[in-house]
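Undergrad: Read top to bottom, the protein sequences are chains A and B. Quick note on numbering: the numbering used here labels position 71 of the first sequence as 71, and the sequence is numbered without any gaps. Quick note on numbering: the numbering used here labels position 242 of the second sequence as 242, and the sequence is numbered without any gaps.
The reader is advised that the hints may include incorrect statements.
If chains are identical, the list can't say which one is meant, so a pair holds when it fits in one copy or spans any two.
Dumping the calculated SDA-like pairs for lysine to any residue here, alpha-carbon to alpha-carbon at most 25 Å [claimed, not checked]:
#1 Lys488 with Leu509
#2 Lys55 with Gly535
#3 Lys655 with Ala640
#4 Lys558 with Gly659
#5 Lys674 with Asp628
#6 Lys627 with Thr648
Don't read these hints as lab results, they were simulated from the structure.
Number of protein chains: 2
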Amino acid sequence: MALKKILDAESVAIVGASKNETKRGFQAIRTLLDEKFEGKIFPVNPKEDRILGLKCYDKVSDINEPVDIVLITTPAKTVPDILEDCGKKGVYGAVIVAGGFGELGREGKKLEDNVAETARKNNIRIIGPNTSGMINLKNSLNLAGLHGAPKGDIALLTQSGNMALTLITEAKIKSRKGFSYYVGVGNEADIKFHEYLEFFQQDPDTRAILMYVEGMREGRKFLQWAYKTTLNKPIILLKSGRSTTGKKSVGSHTGALAGISEVAKSAFERAGIIVIEKSDELFPAAEALSSLPPIKNKSVAILADGGGHATIAADLLTDLGVQIPELSEKTQARLKGILPPAASVVNPVDVAGGTDSDPAVFAECARIVLKDHNIGGLLIGGLFGGYGIRFSETLALIEEDASHIMGKMVKKYGKPIILHSLFSSVKPHSLDLLRYYNIPVYDSLDVACKCIGVLVQYGNYLKSYHAKARFVFNWGAKAKPEGIKIFKKARAEGRNVLLEYEGKEILNLHGAPACEDCLAKTAEEAVNTAKNIDGDAVLKIVSPDILHKSDIGGVRVKLNTESEVRSAFEEIIQNARRFDEDADIRGVAVSPMAKEGIEVIIGTKMDDQFGPIIMYGLGGILVEVLKDVSFSVLPISWAAARKMVEETKSHPILKGFRGSAPSDERAVIGLLVKCSEIIEAYPEIQEMDLNPVIVHEKGLTIVDVRIIMKPERG
Amino acid sequence: MALKKILDAESVAIVGASKNETKRGFQAIRTLLDEKFEGKIFPVNPKEDRILGLKCYDKVSDINEPVDIVLITTPAKTVPDILEDCGKKGVYGAVIVAGGFGELGREGKKLEDNVAETARKNNIRIIGPNTSGMINLKNSLNLAGLHGAPKGDIALLTQSGNMALTLITEAKIKSRKGFSYYVGVGNEADIKFHEYLEFFQQDPDTRAILMYVEGMREGRKFLQWAYKTTLNKPIILLKSGRSTTGKKSVGSHTGALAGISEVAKSAFERAGIIVIEKSDELFPAAEALSSLPPIKNKSVAILADGGGHATIAADLLTDLGVQIPELSEKTQARLKGILPPAASVVNPVDVAGGTDSDPAVFAECARIVLKDHNIGGLLIGGLFGGYGIRFSETLALIEEDASHIMGKMVKKYGKPIILHSLFSSVKPHSLDLLRYYNIPVYDSLDVACKCIGVLVQYGNYLKSYHAKARFVFNWGAKAKPEGIKIFKKARAEGRNVLLEYEGKEILNLHGAPACEDCLAKTAEEAVNTAKNIDGDAVLKIVSPDILHKSDIGGVRVKLNTESEVRSAFEEIIQNARRFDEDADIRGVAVSPMAKEGIEVIIGTKMDDQFGPIIMYGLGGILVEVLKDVSFSVLPISWAAARKMVEETKSHPILKGFRGSAPSDERAVIGLLVKCSEIIEAYPEIQEMDLNPVIVHEKGLTIVDVRIIMKPERG
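Let's have the full structure, built from the sequences with the hints guiding it.
TA: See below:
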């Protein structure tokens with residue numbers, strides 16, 4: 001594991017070490033000393049003899065002991081020479097703090113490439129550049145400008161120093177949790193997100209990975225590692241730069257590519273990542289997921305000492321897809337036994353003053369509710385922690401006892417409890433006790449609900465997980481040699497676009513049922529072909545020079561008689577000539593008119609971050625006006641394809657709407673998987689559009705296909 | 001103003017006064033004394049002589065001085081007798097704390113009605129029952145169990161004591177704001193939400209009204225007052241009970257009707273109310289709106305000391321519909337003059353370390369940005385307030401100076417500033433100073449963005465406001481006598497449903513173009529009518545006993561020839577007979593087949609809370625599967641109708657989709673207004689459905705109309 005040498009480095013050189021207290025090169029050494037780094041520190045500055053009592057070296061290669069990692073605090077342009085010197089020394093890694101690289105445009109990108117190249121040549125791995133640094137909290141290797149980050153089991157990966165500061169501050173003030181590592185990922189010039197993920201996946205001291213991402217260079221590899229990681233460690237991620245302005249802002253910040261938000265979000269979620277959209281929820285979600293067992297049955301109880309909080313929580317949890325089932329009769333009877341008559345015991349449970357004089361009743365209620373087999377977790381909301389403050393001091397002691405009891409309950413029943421307390425900011429001891437037992441406490445009811453929500457989301461992912469399609473397939477191997485011929489022919493003719501009938505041939509080769517076009521070169525041939533068609537015929541011009549066939553009058557539909565076919569043929573050829581008299585006209589394609597059905601659209605394209613992706617949606621206005629589509633990164637399994645079909649809002653239409661017969665959903669899912677196979681088989685495909693596909697009660701018809709190849713490499 | 005006597009009461013009797021410290025009847029007196037109520041206090045308890053040094057009375061009517069208001073802390077069943085006694089004394093109002101009324105079902109509701117009736121008879125107005133009480137913070141009349149609520153200019157109306165506690169706690173801990181009044185509205189047995197609103201609208205000490213609502217008894221009157229109030233005082237409202245479980249929870253809590261969420265939300269927003277969905281945002285939104293001028297041009301600048309916060313803020317503000325325009329060239333040049341070269345000056349502005357050694361640069365940047373004519377407000381995000389903590393103590397003093405400068409700036413330019421600070425919870429003096437100048441400070445970036453969002457939302461409402469349609473119309477007066485005859489005829493026949501052709505007649509009477517059905521009693525008549533039709537004809541059964549005409553084979557379309565019409569007539573009659581041999585068959589309606597166009601649906605119904613409402617959407621799957629509809633409370637003006645049409649997601653389809661000609665949007669708007677007129681004219685209408693209406697390039701066709709009357713009153 002190459003990163004281990006760097007992230008667990010036992011010796012560090014500080015290039016740009018300084019005696020000036022305002023300089024990073026001073027602060028870094030100060031911090032390492034203050035936080036008692038367990039390894040060796042070597043300041044590097046040719047102008048100084050000693051800094052903070054440590055011997056100073058002229059250059060890294062002068063150090064006569066091993067150096068695992070180097071922190072470079074000098075300006076961008078000095079970096080390549082320093083790396084050359086580090087190479088001589090045999091340094092494993094370098095943290096490059098300076099900005100002024102890719103994020104500043106073309107000139108900076110050139111320097112960044114130069115740095116990456118120099119590092120590779122010298123076998124040095126790079127964190128950054130343009131990074132706030134990194135911290136290993138286990139051996140106190142603190143190479144970030146941040147003091148006093150709490151130690152714990154969450155690994156933190158961010159592209160913003162301020163977001164790191166935000167999350168660390170929150171951990172300190174509002175939790176008992178902390179971090180195993182912190183890495184400011186910066187511009188990803190060398191080490192990429194997925195490499196850090198691979199390291200944390202294997203690190204025994206890390207239980208959850210918390211990420212703030214502006215853009216990723218290798219989204220595809222990241223997803224591969226995410227699939228593996230989320231099976232035993234949750235990943236919690238906020239991706240910013242969704243909006244146009246946000247994207248621009250990212251540009252000037254880390255120089256990363258801000259991806260298409262919808263694609264990124266669904267790709268992340270399919271890999272089991274918990275995607276967070278509000279920064280307030282980011283750390284709490286990581287706290288909950290790293291502390292508590294996930295909820296596998298989606299079902300939660302709410303316990304509150306006031307109807308208002310109970311009602312708001314019910315609304316929020318419902319929005320998050322959490323179920324709030326009625327408690328069993330037995331549970332209800334037990335609750336009635338200890339609560340006043342005005343209490344509501346169905347779910348939400350409202351104690352209606354039943355805890356005012358004895359907050360221990362909370363623990364009793366919690367036990368009764370958690371014993372209910374239908375309940376997977378518990379949200380407690382309201383004043384707990386504040387009874388001692390609000391009513392009588394002795395109640396504080398009863399609350400502490402209740403905390404101990406509830407804390408042990410979580411372990412015993414293997415079901416999570418999350419608490420909202422109005423008095424969290426007053427920091428009563430009872431709430432700190434709960435946190436000691438891994439029960440998170442939030443002063444925000446919204447945040448507490450979200451945390452229940454992510455436990456349900458993660459539990460649901462784990463439950464529905466079945467070995468995902470691997471990322472390399474060997475499908476369609478038999479069809480491939482024939483398919484390749486079609487692409488070669490097009491290339492030979494200098495085309496990047498397949499003709500419609502060529503596209504259909506590819507689909508048919510792979511077993512996807514594109515209606516077979518017959519090429520007719522004369523009206524006579526067209527008539528003869530049409531005769532064999534059961535029902536109406538369609539005629540379309542075939543010419544590599546005519547892409548938008550309908551627009552130039554190159555398509556005629558609903559042709560029934562011989563004379564209709566004949567005159568359609570002639571009109572089409574005439575129209576094509578009129579449009580472009582030099583057009584290379586191959587003839588006219590004759591095909592059966594598709595039966596009625598529901599229109600769907602399938603499209604694939606190359607995404608900058610995730611490689612080949614696929615889009616699906618119901619045709620016409622649903623895609624074009626209402627943007628009701630779903631995405632996946634390719635390849636996809638049958639299960640993933642089914643999910644894509646099911647998650648469009650218009651899915652009920654396929655199911656048979658208002659008494660009309662259901663459409664052949666299996667055929668659609670099968671076609672999505674076939675498309676995945678085709679994209680896998682022919683890496684030369686840049687874009688493939690099946691539009692429209694008409695889905696019948698049984699089977700489907702692929703009416704039109706457009707395949708565009710990647711430009712040939714010079 | 002009747003409520004003034006109560007909410008500004010100068011004397012109060014406590015019925016159920018007690019020496020037991022755990023009783024509400026003790027705590028109430030203790031609180032009045034502690035908080036130095038400026039008026040007189042009269043404990044009432046026949047078993048005691050003195051409580052807390054105050055003379056105790058046997059009953060209210062024994063008190064020999066005037067009593068403005070009574071706090072009743074005794075159980076529900078005692079309330080009617082107490083009210084009778086209060087009546088003798090001439091008390092103006094009573095606060096009824098006890099639960100056990102309407103929220104507990106039928107028995108409780110009976111008691112509640114009894115209480116309301118007794119109060120009315122005795123000229124007493126009631127707050128509650130089932131209320132946490134009320135507070136007047138101006139004269140310290142504190143009749144709620146809450147201590148130490150800060151005084152200020154926000155009026156608080158809630159249906160949850162715990163939500164009141166939440167909001168008051170937040171005000172105390174996180175702001176310098178406070179409250180003018182607090183009222184726990186409870187079950188609204190007597191005084192309704194709108195009456196409180198009327199009072200606060202006129203109260204000179206209230207600048208904003210903050211509401212937590214579970215359900216309202218008189219939503220319609222509330223909206224009328226909201227329209228008036230929001231013109232000079234913002235109303236900020238959270239409505240819970242949206243989800244099914246949430247609704248059930250409300251049921252057991254306040255016994256109010258939890259309304260259809262979509263209807264309520266759009267009704268509130270059309271009245272200028274700021275509807276909040278996250279409880280975390282409720283108080284902050286009120287703080288911002290009561291402290292700062294609204295933003296009228298939707299355009300905001302973001303100023304941050306880190307790219308991460310800037311990017312997240314840009315995403316969130318974009319989601320909220322806030323614009324983040326590029327700063328003018330002049331502004332950019334000025335910013336470049338004081339910031340380091342790495343700074344981003346377009347918008348968001350990222351100071352890129354330019355404030356690290358001198359946070360006063362923030363104030364300088366703020367001034368430059370606020371001077372930009374395109375910018376209506378400023379969001380500052382990041383570390384301000386923490387430079388003194390994070391870097392060097394002397395910076396804290398510079399931050400304080402910057403706070404004074406920025407504070408005065410808000411007043412000078414009349415543009416709001418809102419601050420997010422990571423260090424808010426550490427409470428540095430500089431942040432308190434900002435609050436003193438009415439610049440709210442939040443530790444949550446999400447909340448800070450939302451607060452900018454509500455300033456934009458409110459500014460936008462005020463800007464686009466034009467005198468709303470009054471709530472009483474006199475349209476359609478000429479048509480009404482004829483229309484009434486139709487309803488009377490149906491009643492006379494014992495029907496609650498109009499026949500389709502009767503419904504169309506009503507529409508035609510009011511100038512809405514429903515295609516005229518001709519009633520044919522014989523095949524001959526049908527053929528003769530069809531002859532005069534230009535294009536195809538449609539035949540439909542006419543029978544009060546057959547509602548679902550298509551289902552029984554009672555409709556035939558696309559009829560072209562005489563023989564088609566003749567056989568269609570006979571089939572229809574046969575089918576109807578087969579369905580129900582005793583059906584009252586009036587004949588067959590003959591009408592022209594509608595031309596092609598876009599289908600829309602219009603429906604009206606009576607809402608429990610808001611009275612008559614109207615729904616609009618594009619027909620078929622868009623309404624039924626994708627629920628893409630808009631609502632309004634009736635009546636509506638032309639402008640409101642236009643808004644309804646524009647706010648459906650499928651609106652682009654009407655505008656002309658993919659080169660097809662635009663549909664007649666004016667005709668749709670006109671029809672919505674006509675529907676409003678019809679509902680106003682005939683209060684007997686319970687429900688009216690126009691489905692489908694086909695909108696053409698010019699004009700529209702109302703194909704089917706169903707009008708259901710309210711059940712006749714026994």
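Undergrad: With reference to the structure, classify each hint as holding or not holding.
TA: Hints versus structure:
1. Lys488 with Leu509: Within one copy, since 16 Å is at most 25 Å while 71 Å is not.
2. Lys55 with Gly535: neither (91 Å within a copy, 100 Å between copies)
3. Lys655 with Ala640: within (18 Å within a copy, 36 Å between copies)
4. Lys558 with Gly659: So Lys558 and Gly659 pass the 25 Å test across copies only (22 Å; inside, 28 Å).
5. Lys674 with Asp628: within (22 Å within a copy, 33 Å between copies)
6. Lys627 with Thr648: both (10 Å within a copy, 14 Å between copies)
Of the hints listed earlier, the one the structure fails to meet is number 2.
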